[in-house]
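Colleague: Each chain is listed here by its residues.
There are 2 protein chains.
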Amino acid sequence: MSERLVVIGGDAAGMSAASQARRLKGPEELEIVAFERGHFSSYSACGIPYWVGGDVPAREELIARSPQEHRARDIDLRMRTEVTELDVPGQRVRTRDLDSGAESWTGFDKLVIGTGARPVRPPLPGIDAPGVHGVQTLDDGQALLDSLTALETDGGRKAVVVGAGYIGVEMAEALLKRGYEVTVLNRGPQPMATLDPDMGRLVHRAMDGLGITTVGEAEVTAVLTGPDGRVRAVATADAEYPADVVVLGIGVRPETTLARAAGLPLGGHGGLLTDLAMRVRGHANVWAGGDCVEVLDLVSGRERYVPLGTHANKHGQVIGSNVGGGYATFPGVVGTAVSKVCELEIARTGLREKDAREVGLRYVTVTIESTSRAGYYPGAAPMTVKMLAERRTGRLLGVQIVGREGAAKRVDIAAVALTAGMTVEAMTALDLGYAPPFSPVWDPVLVAARKATAAVRAAG
Amino acid sequence: MSERLVVIGGDAAGMSAASQARRLKGPEELEIVAFERGHFSSYSACGIPYWVGGDVPAREELIARSPQEHRARDIDLRMRTEVTELDVPGQRVRTRDLDSGAESWTGFDKLVIGTGARPVRPPLPGIDAPGVHGVQTLDDGQALLDSLTALETDGGRKAVVVGAGYIGVEMAEALLKRGYEVTVLNRGPQPMATLDPDMGRLVHRAMDGLGITTVGEAEVTAVLTGPDGRVRAVATADAEYPADVVVLGIGVRPETTLARAAGLPLGGHGGLLTDLAMRVRGHANVWAGGDCVEVLDLVSGRERYVPLGTHANKHGQVIGSNVGGGYATFPGVVGTAVSKVCELEIARTGLREKDAREVGLRYVTVTIESTSRAGYYPGAAPMTVKMLAERRTGRLLGVQIVGREGAAKRVDIAAVALTAGMTVEAMTALDLGYAPPFSPVWDPVLVAARKATAAVRAAG
Chain A
1 MSERLVVIGG DAAGMSAASQ ARRLKGPEEL EIVAFERGHF SSYSACGIPY
51 WVGGDVPARE ELIARSPQEH RARDIDLRMR TEVTELDVPG QRVRTRDLDS
101 GAESWTGFDK LVIGTGARPV RPPLPGIDAP GVHGVQTLDD GQALLDSLTA
151 LETDGGRKAV VVGAGYIGVE MAEALLKRGY EVTVLNRGPQ PMATLDPDMG
201 RLVHRAMDGL GITTVGEAEV TAVLTGPDGR VRAVATADAE YPADVVVLGI
251 GVRPETTLAR AAGLPLGGHG GLLTDLAMRV RGHANVWAGG DCVEVLDLVS
301 GRERYVPLGT HANKHGQVIG SNVGGGYATF PGVVGTAVSK VCELEIARTG
351 LREKDAREVG LRYVTVTIES TSRAGYYPGA APMTVKMLAE RRTGRLLGVQ
401 IVGREGAAKR VDIAAVALTA GMTVEAMTAL DLGYAPPFSP VWDPVLVAAR
451 KATAAVRAAG
Chain G
1 MSERLVVIGG DAAGMSAASQ ARRLKGPEEL EIVAFERGHF SSYSACGIPY
51 WVGGDVPARE ELIARSPQEH RARDIDLRMR TEVTELDVPG QRVRTRDLDS
101 GAESWTGFDK LVIGTGARPV RPPLPGIDAP GVHGVQTLDD GQALLDSLTA
151 LETDGGRKAV VVGAGYIGVE MAEALLKRGY EVTVLNRGPQ PMATLDPDMG
201 RLVHRAMDGL GITTVGEAEV TAVLTGPDGR VRAVATADAE YPADVVVLGI
251 GVRPETTLAR AAGLPLGGHG GLLTDLAMRV RGHANVWAGG DCVEVLDLVS
301 GRERYVPLGT HANKHGQVIG SNVGGGYATF PGVVGTAVSK VCELEIARTG
351 LREKDAREVG LRYVTVTIES TSRAGYYPGA APMTVKMLAE RRTGRLLGVQ
401 IVGREGAAKR VDIAAVALTA GMTVEAMTAL DLGYAPPFSP VWDPVLVAAR
451 KATAAVRAAG
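Residue numbers (the numbering used here), protein chains in the order written: chain A, 1 to 460; chain G, 1 to 460.
Please note: incorrect hints may appear among the correct ones.
[Claimed, not checked] Restricting the straight-line Cα-Cα distance to at most 30 angstroms, the calculated cross-link-like pairs of lysine-lysine (DSSO-like) are:
hint : chain 1 : residue 1 : chain 2 : residue 2
1    : G       : 25        : A       : 451
2    : A       : 451       : A       : 354
3    : G       : 451       : G       : 354
4    : A       : 25        : G       : 354
5    : G       : 158       : G       : 177
6    : A       : 158       : A       : 177
Note that these hints are calculated values from the structure, not bench results.
This structure is a prediction, so every number in the text was calculated from the model and none was measured.
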């Protein structure tokens, strides 16, 4: 007799799981039903800033696999269908068709929760006014694009981005490309709080150079509207910033409303807690992955919340393998992230100083300047590498990079070294690719490792 | 009483060693005398193709540190001075001033051998004719440039490059950039014998596309000269290739004439054998590094000959630390190399199929096609990744990459993984940087690792 797998959420984690399970088990063995409340399946939310900015011409290019394509693979994906209740002991979910309003229960033998994240939307006056946009979903992106198109006809050209994390800086680039005067309001002292403030300062300076105004320590108090009800400005305690359009890039939280109501275990960041096989802890037949779960940080040994498409895809792959009768695990993350603002590249992996302090690690830090290519080779661009190493052991704890072309993906070297638990001294001997168009004879990561090795020795 | 360090060779390994020793010990403790037979010190031989091709405007840019700069740091660097005999038991070297012819002996307490490599120059008829050039030293590069300048005035525009390794393909690009019709003659079936032939074929095809004619299985039998004595063509068993200029890029061998005469231990590739501290085996006060030594391949466990500036610099750093009373080791290499021909990027690390077979390893291989960025992001370029993994254990054995912008330095991920002894299955979970401008959601290296994991399982 065939089993039924129910998947909640039709994006990266859920549909990767469904697809991988289908590869391993045919429809006669495993029925797969997936529910998605939105209009789109399996799309790249990370691509939205580039679509809004015009680098990606059409929304469809962001869709990796349409509902029709999933159905052609014997995955019964039901769009615009919201799961409203999860009955874990009863092994069933209640769903509502968002168009007809019809409700029904669907039983499952196995369940995958891939409910994703919801954007933080602080309860400020005016936050829901026309012209204020999130950029979490394709629907959000379309609404923003429609808004921009209308504005551009009318001559509006001022944009305020709230939040200076990945989404914030990427949206700043997108709006700059569309010809807007862009102001980024940032609660912390420097943009990119995923970096240490000294590295964030470099980002700030570079954004200034690109013509993006970044205001630090700017806590938004209200969105101000004009007589037509549309946004006209964003207010902080100190100032008002005129805006024809406002983009919210404040961050996201795990969407675990259903899971919480069902009594599933949540961690300190509000995400579902899973085991290494991505099963929800204490539940043999319930898996969860993507932006609704917490992940183990292999460097600090703590759970973290890292909503990133690349993890969601890996989770889905692992879940699908296990659901389909195979075996796979997701050991955890080291906290790698890369981003860019126009020509500026930003990367980080591992722990920041404050992360290290929080978990009781003593460390040394070094910061070095080098170039992306041999200094004499055309296009050699400056890059700054900061490295953290544990005192005494010299174990690599983290790397942050700010630079230009060729800077960001160098962080992968450190990501692998962190995974392997390497010391910075061992890293000085790494056999990295060298040729003048690609690297100085000492790769910037090696230069940092040498200096960090000396710092570990000096700190004793 | 002060000790004397003698250094033979004024390029990367020797002068890095001298500089690092000087950082650790002042002139009152350690006298440093270095001998260089050429006209230049501490220069980037790897940069010569880019200088010849016009990317680097002046020879001086390739010089990291001039003799004057070394002398200002209390290193007594004597240029145009050849060491003609090495008396290890007597702790002295005999030198000859190449300008005056004067000879003398210099005693040492510690010795560093950094004699580098000499280009392979087969004893063919015509090989020494005007218009035939090596590109090993700055002097070679200058002679080639002078030759090209003269030719360009006279309208000569055909170049033949002998050899299709790194130097050969880089010189092909340089000559193409100067407007030459370029033919590359290659002894093996495909260019880039440091790759497996299936990956070399991709390079061949791409070079065709760039307008570079690459002829495989072409063993040169003679260089043909005209009535003026200058080169006019290169002959193989089957054909004649007209040439106004010929560049030899056949490879190099360790320059160990002195060491051999002194009875120092040499390996199967003709290079000096050292211990982990870069001391010549069996000699407590003699160190060697750079292109004159063999290095341990950490993947195969065998000695290899890998003449690369990046290793020479590391060797020098290690030697200088040890000579200066510190402690450092060079554990070995994994065989990473990157190169480019115009837009084409080529990278490899670890073992080729034939290397694996030679050391008795059973392996699986997979080859995947992916893109350097998210498929929908502008500039996403195709890349091909080949991965070798050991049967049963699944240990990563090697990676080869051919692609365009953003392809080559991805090999560093595999270089670190090889150093750490990772399995391809462990690699599938690597937390690599992802954002659409930098990578597909599954980095090409992860895609290869997933496929290799399945292949290991299937091979049993």
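Colleague: Which hint numbers does the structure go against, in order from smallest to largest?
Modeller: Going through the list in order, the structure violates hint 4 alone and respects the others.
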